[in-house]
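Heads up: the sequence lines are chains A and B, in that order. Note that the first sequence ends on residue 332 in the working numbering; no numbers are left out. Note that the second sequence ends on residue 332 in the working numbering; no numbers are left out.
No lab work stands behind these hints: they were computed from the structure. In this text, all values refer to a predicted model and were calculated from it rather than measured experimentally. Backbone N, C-alpha and C fix where the C-beta goes; we use that ideal spot for every residue, glycine too. Any given hint could turn out to be false.
To be verified - Reference listing, derived: stretches of chain B covered by chain A, where coverage requires no fewer than 3 residues with Cβ under 8 Å from a Cβ of chain A: (1) 31 to 41; (2) 135 to 142; (3) 150 to 162.
Claimed, not checked - Label-pair distances were calculated between CB atoms; the ranges are: (4) P315(B) - S163(A): 55 to 61 Å; (5) V264(B) - D237(A): 43 to 49 Å; (6) D27(A) - L165(B): 35 to 41 Å; (7) P39(B) - R330(A): 31 to 37 Å; (8) R240(B) - R330(A): 39 to 45 Å; (9) A46(B) - K271(A): 29 to 35 Å; (10) D164(A) - R30(B): 23 to 29 Å; (11) A46(A) - V264(B): 29 to 35 Å; (12) R330(A) - D237(B): 49 to 55 Å; (13) G69(A) - L165(B): 56 to 62 Å.
2 protein chains.
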Amino acid sequence: MSLDTAATKPHEQLAAALADDLHAVNDMIRARMASEHAPRIPEVTAHLVEAGGKRLRPMLTLAAARMCGYDGPYHIHLAATVEFIHTATLLHDDVVDESSQRRGRPTANLLWDNTSSVLVGDYLFARSFQLMVETGSLRVLDILANASATIAEGEVLQLTAASDLATTEGIYIQVVRGKTAALFSAAMEVGGEIAGQDAATKQALFDYGDALGIAFQIVDDLLDYGGTKATGKNVGDDFRERKLTLPVIRAVAAADTTEREFWVRTIQKGKQAEGDLDHAIALLGKHGTMESTRLDAIAWAEKAKQSLSVVPDHPLKTMLVELADYVVARIT
Amino acid sequence: MSLDTAATKPHEQLAAALADDLHAVNDMIRARMASEHAPRIPEVTAHLVEAGGKRLRPMLTLAAARMCGYDGPYHIHLAATVEFIHTATLLHDDVVDESSQRRGRPTANLLWDNTSSVLVGDYLFARSFQLMVETGSLRVLDILANASATIAEGEVLQLTAASDLATTEGIYIQVVRGKTAALFSAAMEVGGEIAGQDAATKQALFDYGDALGIAFQIVDDLLDYGGTKATGKNVGDDFRERKLTLPVIRAVAAADTTEREFWVRTIQKGKQAEGDLDHAIALLGKHGTMESTRLDAIAWAEKAKQSLSVVPDHPLKTMLVELADYVVARIT
Numbered sequence: 001m002s003l004d005t006a007a008t009k010p011h012e013q014l015a016a017a018l019a020d021d022l023h024a025v026n027d028m029i030r031a032r033m034a035s036e037h038a039p040r041i042p043e044v045t046a047h048l049v050e051a052g053g054k055r056l057r058p059m060l061t062l063a064a065a066r067m068c069g070y071d072g073p074y075h076i077h078l079a080a081t082v083e084f085i086h087t088a089t090l091l092h093d094d095v096v097d098e099s100s101q102r103r104g105r106p107t108a109n110l111l112w113d114n115t116s117s118v119l120v121g122d123y124l125f126a127r128s129f130q131l132m133v134e135t136g137s138l139r140v141l142d143i144l145a146n147a148s149a150t151i152a153e154g155e156v157l158q159l160t161a162a163s164d165l166a167t168t169e170g171i172y173i174q175v176v177r178g179k180t181a182a183l184f185s186a187a188m189e190v191g192g193e194i195a196g197q198d199a200a201t202k203q204a205l206f207d208y209g210d211a212l213g214i215a216f217q218i219v220d221d222l223l224d225y226g227g228t229k230a231t232g233k234n235v236g237d238d239f240r241e242r243k244l245t246l247p248v249i250r251a252v253a254a255a256d257t258t259e260r261e262f263w264v265r266t267i268q269k270g271k272q273a274e275g276d277l278d279h280a281i282a283l284l285g286k287h288g289t290m291e292s293t294r295l296d297a298i299a300w301a302e303k304a305k306q307s308l309s310v311v312p313d314h315p316l317k318t319m320l321v322e323l324a325d326y327v328v329a330r331i332t
Numbered sequence: 001m002s003l004d005t006a007a008t009k010p011h012e013q014l015a016a017a018l019a020d021d022l023h024a025v026n027d028m029i030r031a032r033m034a035s036e037h038a039p040r041i042p043e044v045t046a047h048l049v050e051a052g053g054k055r056l057r058p059m060l061t062l063a064a065a066r067m068c069g070y071d072g073p074y075h076i077h078l079a080a081t082v083e084f085i086h087t088a089t090l091l092h093d094d095v096v097d098e099s100s101q102r103r104g105r106p107t108a109n110l111l112w113d114n115t116s117s118v119l120v121g122d123y124l125f126a127r128s129f130q131l132m133v134e135t136g137s138l139r140v141l142d143i144l145a146n147a148s149a150t151i152a153e154g155e156v157l158q159l160t161a162a163s164d165l166a167t168t169e170g171i172y173i174q175v176v177r178g179k180t181a182a183l184f185s186a187a188m189e190v191g192g193e194i195a196g197q198d199a200a201t202k203q204a205l206f207d208y209g210d211a212l213g214i215a216f217q218i219v220d221d222l223l224d225y226g227g228t229k230a231t232g233k234n235v236g237d238d239f240r241e242r243k244l245t246l247p248v249i250r251a252v253a254a255a256d257t258t259e260r261e262f263w264v265r266t267i268q269k270g271k272q273a274e275g276d277l278d279h280a281i282a283l284l285g286k287h288g289t290m291e292s293t294r295l296d297a298i299a300w301a302e303k304a305k306q307s308l309s310v311v312p313d314h315p316l317k318t319m320l321v322e323l324a325d326y327v328v329a330r331i332t
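Isolated chain A, as found in the complex (with noise of 0.2 Å):
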């Protein structure tokens, strides 16, 4: 591999060699957000769908089909499905977190903008499923209605599970796989079935895409502590969010009787003050849950690469294997 290559970050690899696929994800996803009778669903929509997102999910898709020498129409569809069901997901997403960001300060303009989240999320939601349709595959609609609900699930079950230090290992990463997993796993998946694929190619592509959105996830929640290296995230947001990840919930499990009271006012009763988060921080570093936090997400990634095994060699999965790796670059 030249440096130049190198130098690509492998999601802008993929987007370079997916170019005219991604091209035309994005008129699809123009024509079909827009409705004749309710000009307000592209004006919601819009600064979502069109503001600079990487795209990852569809291409995950579209990589996956044409790995697979997919050669026909429906993987632009199932492309623009992926992403309006994560449009979806991230309005209705909205909703639930202003509700408790807004507490006691209600405006009509936040208002609003909630009614008009949970209205468009629905359109969009529908829209997908009509996509779907499209293709003529009763699988593809298996998979992604499949997905839909244990994303929902898993909402629901982050909702209840937060602020509660009875949180597990376990319902931790079901609900990463419902925050994120799922729709990746599918968003793969998909682009093996309509390839016309073997059970076992679409179960390793669906291993690829839940290990990576784990890995993505972890990761994701371990840079809100701070990780290894700076970015550009605030620190702490899940801290003062009481929201339960994987350094807290083990740091939890570890915890003597005065640092379990100290759980308990932060997270459990939300009562925070001046220093807790720095006090957080040297607990998880204390019981070493930040490193072993670390090495999970890396294992995540290398059991993501390792799916992947059974699939013939292609550029498109040399690049999904760097995705990976580019995955949990960022705490190693």
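For chain A, the structure is supplied; the task is to place chain B on it using the hints.
Chain B alone, transformed into the frame defined by chain A:
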């Protein structure tokens, strides 16, 4: 027809004729709204799905399928699907409606309900698509994905049209199709679809549901201004919420300068004072818009009945015809 039968309401007759099917639908609803990982989901839906709804929409699917001679298992799946979509819509409407009602007085409880409503609605929507996939019919998925898009579009349109005196009768009907008629028509059509009916029959079933839904919603809007019979409903909710419904749209169209100023103040600007509702009702009376709206509702019910003329005679067809009469009986 005996006096005894005449004394029973048409939807009760349908429920009796379809008792076994409805029992199976209820069992399926209970089984499918369960969630292994998120027990909060059935908690949230139980009061909506269990508590004494008329099951009008699933009954339309069951009646359409049975009337067309269907004897397979999938009308149960589709009836449950239709009820799930309806319930998901109600949950998301809660968010939309609460937003305006609770202005200035948000509570943690309300906020929690909001987030649960959004996510559990999403879950039921995903579940409904899983049920459709089980029927193995892409056409069924097509019909209900289209209906879902129309529902969301209609809700967004209602939001943007709200309190806008430029709202036309055409926009009103579009909103009503989204709010009510789209699911009625789809519920009927999918019944014919799984029963393997020809295009003309499926169109007739769709048309019946469409016209019945529009009649149903117009009657509802009419009763909000008192209608012609006493009901348990609060009069004036739509006026206070500044919703433009058919009687008002027509009174605005016929308004002189002073009357227009009244509508601009009360509906567009929302500055309402004691006595305004009475004055609004007087204006509807002056321009005869309650009466003309009433005649429209009756005409839609008539259209519903006539749509079924191509369907061979069947006891369930008789009940559906009587249901159309019953829907407008409250205003005749």
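Hints, verified against the model:
1. 31 to 41: The restraint on the region 31 to 41 of chain B holds, since 6 of its residues have a Cβ under 8 Å from chain A and three suffice.
2. 135 to 142: holds (count 4)
3. 150 to 162: holds (count 9)
4. P315(B) - S163(A): 55 to 61 Å: Holds - the Cβ-Cβ distance for P315(B) and S163(A), about 56 Å, lies within 55 to 61 Å.
5. V264(B) - D237(A): 43 to 49 Å: 46 Å, holds
6. D27(A) - L165(B): 35 to 41 Å: Check passed, 38 Å falls within 35 to 41 Å.
7. P39(B) - R330(A): 31 to 37 Å: 36 Å, holds
8. R240(B) - R330(A): 39 to 45 Å: 53 Å, violated
9. A46(B) - K271(A): 29 to 35 Å: At 34 Å between Cβs, range holds.
10. D164(A) - R30(B): 23 to 29 Å: 27 Å, holds
11. A46(A) - V264(B): 29 to 35 Å: Holds, at about 32 Å.
12. R330(A) - D237(B): 49 to 55 Å: This hint holds: roughly 53 Å between Cβ atoms.
13. G69(A) - L165(B): 56 to 62 Å: 59 Å, holds
The structure shown violates just one earlier hint, number 8.
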